[in-house]
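*Asks:* First to last, the protein sequences are chains A and B.
Numbered by the working numbering, the letters in the first sequence go through residues 1 to 339 in order.
Numbered by the working numbering, the letters in the second sequence go through residues 340 to 846 in order.
Okay, derived cross-link-like pairs now, BS3-like style, lysine-lysine, Cα gap no bigger than 30 Å in a straight line: (1) B:Lys682 / B:Lys392; (2) A:Lys201 / B:Lys392; (3) A:Lys201 / B:Lys682.
Calculated directly from the structure, the hints in this document are not laboratory data.
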Amino acid sequence: MSAALKRLRSLSPEVLSPVLFLLAMIGFFLIVPTSQGHPIGSYSIYSVLQTFGTYGLVALALGLTMIAGEFDLSTLGMFALGGMLAVKLGESSAALGIVLVVAIGALAGLIQGALIAFLRLNSMAVTLGGYITMIGLTGTLGHDKSVSYLNVDTAIKLDEPIAEIFSRHSLIVLAAFVLVALLMGFTRLGRAVRAVGGDRKTSRTVGVRVNLVLIGVFTLSGMLAGLAGGLNAYSLATAVTNPGVAPLVFAATAALIGGVTVAGGQGTAAGIAAGALAMSLLQASFGILASPIWVTEIVTGLLLVVAVLLTAPLIRDRIANARQAYESLRARRTAGGID
Amino acid sequence: MSTATSPERLRFQGVCKSYGAVRALADFSLTLRPGEIHALCGHNGAGKSTVVKILAGLVRPDEGQIEIDGAEALARSPQQAQRLGVALVDQEISLIDVLSVADNLMLGSADQPFLNRRRAARSRARDLLRRVGLDSLDPARPVSSLAMGERQLVEIARALGHDAGILILDEPTATLSEAEIGHVFDAVRSVSADGTAVLFVSHRLGEVMELCHSVTVLRDGQLVRTAQTTELDRAELIQLMLGHEPERALRREPPAEEGRGSVTIRGLAIPPRVPGLDLDVRPGEIVALAGQVGCGATDVIRALAGHSSRASGEVRVDGRRLRLGSPGVARAAGLAFLSNDRKSEGLFLGRSVGDNLVATRLKEMSSGGLVLERRVEPVAGRLAASIGLEERRRSAVSELSGGNQQKVFLGRLLEQPGTRLLLLDEPTRGVDVGGRADIHDLVRSAADAGVGVLFASTELDEIFDLADTIVTMFSGRVVAVARRTETSTHRVVSEMTHAPNDREAVA
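Only chain A is shown next, with the shape it has when bound in the complex (with noise of 0.2 Å):
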């Protein structure tokens, strides 16, 4: 037990957060409701699973982008024309018209990506004008009206319940988070992007291949961006020209709650995932007590201020400072004792 509280006290702000935040909101989602009268079921999960299905790779791409040291806007323009181009693209093939709409996000973020690495432009004017062009080219397919999809089979199929709690929906998502969880933490990449969000200069002068990794982030953004997108048009059957700023919302608060850092080069695609599974149990919490909307915003506001002060240089300078005067404290007094 005391090992284990060790080991736990050693954790960093950034592992400890994602798993306080989500122990936290699993606390919040089995206890408030069902003391205000709304058991939880089956069906509850069910909800929170489609919620993190529909946002959850929002907030991947833009927490690797934010990993690498810097931030990608058009995120919420690609989930936007993602889904409008899988509506027109994919009538005859739901399939063809994902794999398509990946493309289009890969090429998109190849060219942020390129311009910001090879120019050293910052990112966020760069993806602000992404957005912006993304947002415009969605209104011009849809004409400024949302489009029906018209293959409704496909939207029943891909939130069909499986094992009651999970649909094809939020296991595709699930199986993207794996993959880049994987391709994280087992390759070089992984290493690679922490470094140059770390420390981009030093990245440089050992040899990382600053560019390539930047744009590779970009590209992958970009991919996971439109997924999202098409697959939300897909389970709604139909494509909206503008989703608002929610998808942004959701996405970076649940970027920072699952340990990833403003100032780059920390957190994982699983603390990404646990901050994506918090938002959404807190968001379905909400929806269960059917609390007015502005409720869900001072909590998530909240939240992200309370996991933004956790990672704050200098209240981790203090904790360090406090940690290491205990410590030495404690170990005079150990070598008190046993004289």
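Once you have looked at the hints, place chain B on chain A.
*Replies:* Just chain B now, with coordinates in the frame of chain A:
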């Protein structure tokens, strides 16, 4: 060890490199043989870093030939240098804080596999760490949790892991303890015995004499001499680095010895480098903190300016205790700080000279929250005139030379009411000779007006040109305090380059 007959591992022939008008390296030649540990010595600006950067693929020479194992070998990138068998341990630690030790050891390695097999990586990491004496270090630990000395050893372990034919160590021991230095020496001797040629760049002449087989001395970008270390002693090496001892005239009358310091420092500790420092600076006195890179002088300047959240100790300005850790509090107490990085911590490069000069005194030129141009103009004009840039007052700072940019940065600190102490970190870094003289004049005139000056410098010429009192630092500690008139360049170089416990042997 190498022999004169063994084939050459590395050959520099007639290599030249200029940065703009500044000639960093002129017709430089060097030969390294397998197994040789060769020192590269010289003062700041001698050209050592340029040799290292060319070899590591970070800059390209303008002229000359470079051969590795008899084949032409000009690296155009760090990756290419690695493929040519060159491994560099840089003086600035190049580890990624957020990654683990094992990840850092694998980073950038040209032969790292696509799959990250953690068990294999950690086992290889343990082998490498053992070679530098870090047997008990867990490879899974994040680098951010390591002490400075451990970081340096991990960096050396990484270079050893590249199995390079040429290993460059650029000031590898600046931050290490004696025991850690012993581990580094053992590791270097071991790779040398395996046939690796080692280029050891260091200011620490004691270490050069102890570790290296041969030495090349550079001065002002020119090769002065290459010799076996057995042919030279430390005093001769210092003489070669300095050239002749320059005659120095007293440019100003230093303030009298009597009187309490306007700034008194007692027990200033700045983890992890400076354990505790006592110092007094009197009004009008110019005090130099002299030492090599990493000696702790920069840490002291920055801590006094409020830029270290971990600093502790007692600092009094005119008797009043200063709260450390806040730049705003330090400024309000009369401490004015000039960073060693004017571009990122000093100037608004896109704004005019006038805007930069008045940037910290807008309050006194404002009324009701509005900056009044009629109040700005005369002050900006006067300050620009005082630094000799009146005609360029409206030019963007980015258009100025490095020397003029530094004058603008310094000019902003001058004539500020309430200033008690100027804190200058490498006040003439990257400044040409003419600009340097102007900057020194500005500092002297501030001191003549009664402001104390504490500056950190690694450059001997600057220290002797400017200081009334020279405080030599080594490994975070004060080695000696002396009036400029009572010491010599030889003595200061000895103090800067040797540990306190072997000073007597040198003096």
